[in-house]
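Trainee: Going down the list, the protein sequences come from chains P and L.
Residue 62 in our numbering sits at position 62 of the first sequence, with consecutive numbering throughout.
Residue 69 in our numbering sits at position 69 of the second sequence, with consecutive numbering throughout.
The hints are simulated quantities; they were obtained by calculation from the structure and are not laboratory data.
The C-beta atom is built at its ideal place from N, Cα and C for all residues, glycine as well.
You may find that some hints are simply not true.
Stated by the list, open to error - A short, non-exhaustive set of chain L residues, derived as facing chain P with CB atoms under 10 Å:
(1) Lys-21
(2) Ala-25
(3) Asp-188
(4) Tyr-222
(5) Leu-237
(6) Tyr-250
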Amino acid sequence: MTGSGQPSPSQPARGELTGFHVVDPELYRQHRAQIVRMSNSHQVDINEFLPDGVRKRAMTDAEIAERLGLDVRDVTEIRVVAEHDEYPIEEYEASARFKDAASASYREGGVKNLYGGRPAPTKR
Amino acid sequence: MTDVEPDWQMVKSEVLSGALKRGAAVARVGDPDALAAIAAPGQAPVDLLPQVRSIIVLGGSAPRAGEWHSPRPEVMETVGTADRMAALGSAVARRIEDELGYYALNVPTATDQDDKPFLDFTAAAVISGAGSPSLAGPVLHPEHGFLYFTVILTSLPLPADEPLDAPACPAPSCVEMYDERGLTPCTDVCNIDDGGCLGGQIQEGLVIGRRYDSNRCRSRVYHYWIPGYQAVLDRVLSEPDAERRKMMLYGSYFTRTMWSITYSNVSQGQCFECMRVCPVGAEQRALR
């Protein structure tokens with residue numbers, strides 16, 4: 001994708017980007033961890049007020065596709081699926097316990113983590 | 001006879017004061033080129049509106065003090081009213097087009113084709129001085145703290161405001177706490193190394209090395225919403241026992257999730273614990 005948002009000659013047209021494209025599961029397994037690392041999912045030093053050289057913008061799907069030699073549609077699908085696939089339903093269930101503990105901690109006048117990660121969070 | 005050049009400062013003042021009267025807590029104007037300079041490729045204002053010459057950023061609709069102080073986190077799970085700012089943005093855009101005759105586009109708050117935002121609202125707020133990013137993530141205004149934002153792109157050539165002189169985060173009390181304990185309130189309550197989403201250091205009054213697990217944050221902010229719905233379906237579709245599938249689909253988690261999706265206008269954010277403990281704007285949340 002170019003800076004003006006127009007697809008470059010090697011990239012699919014916008015309509016194809018918006019379509020129902022199902023990524024090959026083997027390709028997903030092969031590149032999942034790498035693409036999540038290069039994307040915005042796990043952010044480090046992205047804040048806009050940081051000085052040049054310190055601030056690190058995440059790579060776009062088009063940039064990742066170019067770096068890995070993949071189709072941008074596959075990169076987008078691998079990223080979106082992986083973002084949802086990282087934590088299973090048990091993490092959502094643990095979320096309720098976290099909020100109970102965090103709000104109780106605040107109500108009791110302290111800013112301490114009563115949740116403490118227990119029970120240990122799950123991860124696929 | 002030639003057209004008289006309008007007093008753009010006065011036009012700006014009228015547009016922004018109209019937004020403030022209609023409920024915005026903060027109204028600023030940003031330079032589209034300044035946003036384009038820090039935006040990811042494909043996310044510049046000109047990619048959405050080729051005629052853009054100004055960015056109007058409106059912030060407001062923060063949760064009520066009583067909601068922040070409720071002992072029930074479920075209350076905060078159902079007061080994420082970002083849509084009120086989106087509606088205000090649409091009204092301002094309509095006024096610009098109907099009364100002033102310039103293009104105005106209220107940037108959609110839904111997701112774009114690739115499950116990403118249409119525009120970086122944080123960056124828009126930063127370049128216009130409507131707030132600054134925080135260690136926790138949300139944009140913070142120095143006086144109001146946490147706010148929802150809407151962004152309007154327009155061909156009106158309004159004079160741009162400057163970014164804040166200093167970021168609202170870290171607050172002085174957070175710097176003190178960090179110096180004592182190596183933690184801030186937000187990284188204490190939701191620590192990335194202890195089952196949470198946030199981490200980072202403070203060096204010379206600046207947040208550095210900020211780490212954020214957006215996928216875990218999703219499981220909390222969209223707890224009973226689209227991602228939770230997908231996570232349940234993933235489990236249901238791989239469950240061979242028909243009776244167990246029924247228990248999952250008719251159970252309390254999936255039922256509440258479906259209600260939340262139905263009432264999506266009040267369920268846009270379902271975790272506020274890092275903001276509940278944030279001292280920026282805390283005086284706005286302290287009543288009798």
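Trainee: Could you run down the list of hints and mark each one as holding or not?
Mentor: Each hint tested on the structure:
no.	hint	verdict
1	Lys-21	violated (29 Å)
2	Ala-25	violated (21 Å)
3	Asp-188	holds (5 Å)
4	Tyr-222	holds (9 Å)
5	Leu-237	violated (12 Å)
6	Tyr-250	violated (16 Å)
In summary, the numbered hints that this structure violates are 1, 2, 5 and 6.
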